[in-house]
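Colleague: Dock chain B against chain A, hints included.
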Amino acid sequence: MATIGGLDRLLAEHPFFNDMSERARGLIAGCAANRVFHDGEYLMREGEPSDTFFLVRHGAVAVEVNAPGGSPLVLETLGDGDVLGWSWLVPPYRVQFDCRAVGLVRALSIDGKCLRGKCEEDASLGYEFLSHFVRVMAERLTATRLQMLDIYGHPSDYVEAQNRVAIETAAMVPAKPSPNGD
Amino acid sequence: MQTIPHTLSWGHDIPDPMRPARFRVESVQHELTGVFTVGLKPLDETQTFEFAPGQFNMLYQFGVGEVPISVSGDPARPTTLLHTIRAVGSVTNALQRVSPGTMLGVRGPFGTSWPVAAAEGSDLVILAGGIGLAPLRPLIYQVLANRSRFGAVCIFYGARTPDEILYRDELEQWRGRFDLTVEVTVDRAGSDWLGRVGVVTKLLASKGFSPPDTLACLCGPEIMMRYAVLALHDQGVGDQQIYVSLERNMKCAVGFCGHCQFGGAFVCKDGPVFRFDTIAERFDTREI
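The listed protein sequences derive, respectively, from chains A and B.
Just so it is clear: in the first sequence, position 27 is 27 by our numbering, and no numbers are missing.
Just so it is clear: in the second sequence, position 261 is 443 by our numbering, and no numbers are missing.
If we strip away everything but chain A, and leave its shape as in the complex, we get (with noise of 0.2 angstroms):
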């Protein structure tokens, strides 16, 4: 088990600390685990309540929809370096996906509890963290408008599926009675 020196170690390696002071970090170190996933087991299950999240330091993790009557489609898999999950930050604090791990999977597992008081204690904390952790959000949220481009389809595979659109929501739409009560 690692020591909160040697926690403190694996903080300052992982890309999200790059930048941060030594302070911050420490204080981070105090609510840190070291944790070790193995292929197919899940980091966190959607619906769960959510008081942790993970830097991920080796291995890849597979963020997961569940759909229903199918397999689970993958969304985005995160790997060395990349920071997984901010349910514990937003209020009703519940995990959205599912996340497997896809081979073996070493990570820090942050106490978001622990982590969340820290910061509403000491102010000058939070604000760095943060300020942290929302470039991380915004980094995601700019690669997921990307995805959802789906830019290496062809123009015509749009007209396509506007089309499909426009054909099940004229579908959905009932249609209007008649004057005459046809």
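Incorrect hints may appear among the rest.
Per the computed footprint, the stretches of chain B lying under chain A, defined by three or more beta-carbons under 8 angstroms from a beta-carbon of chain A, are [claimed, not checked]:
1. 241 to 254
2. 332 to 346
3. 372 to 380
These are calculated hints, taken from the structure and not from any lab test.
Cβ atoms here follow ideal geometry from the backbone N, Cα and C, with glycine treated the same way.
Modeller: Chain B alone, transformed into the frame defined by chain A:
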């Protein structure tokens, strides 16, 4: 950037670059849904077709029309001409129906090429999206054939889904080499896909190259290239180290007709491969 005059093609001067030479379809290989590769041989099989990586030909389906298609084969094997084509319009749909023995017209090769000589001694980042891997494949072949002349070589490829990975067998083969970094990502996948899911630009963060000593070659949808350039900037790769291949509506292929005008340049003649600093301002201009 190297410009190869069209008079160098298939071993003899072309008296008229507007006149197609006759080639026979030797093979048609299905790649993906709506994507196929045709192998062409000149009628005189003793002739060779020399081209530089990144150049394109005008393929003429007699009675239907002509389309610009990048050469996707190995420049060191000039006896068969390979073109990977996506069926999207009347000509490419007609080309999808050709079979071995069909006669096609070929004009070319045209345009600028990837800066192979300039990349020697540098790290090389090759970033492709979707069918954009096709114009980069000749560059990859040439680099691998002369591997010791280059520093680290990284191939980053993005596709829509695992089923839409172009040249999958070759990518897997290249990935097995010790002297090459190959990373593939897809936009969407099922849980049976063990590779990455996410945008291709994110692969640049995994590094494997030294930004000040890197030359980057990009080909794919322009939106992808725009964000890839930004991601390369974030890594410290400057505009002068980035080359992009543009796609426009090319008709004559020799800079006469103006269909592919891109500001003060013609993509057919001054491109399709541009050093990014020469087009950076126009690249972000919405009207062009």
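Colleague: Now look at each hint and say whether the structure bears it out.
Modeller: Hints, verified against the model:
Figure legend: the stretch 241 to 254 of chain B, annotated as covered by chain A; annotation inconsistent (0 residues with Cβ-Cβ distances under 8 angstroms, at least 3 required). Requiring three or more residues with a Cβ within less than 8 angstroms of a Cβ of chain A, the coverage given for the stretch 332 to 346 of chain B holds, as 4 such residues are present. Only residues whose C-beta sits within less than 8 angstroms of a C-beta in chain A count toward coverage, and the stretch 372 to 380 of chain B has 9 of them, enough to reach three; the restraint holds.
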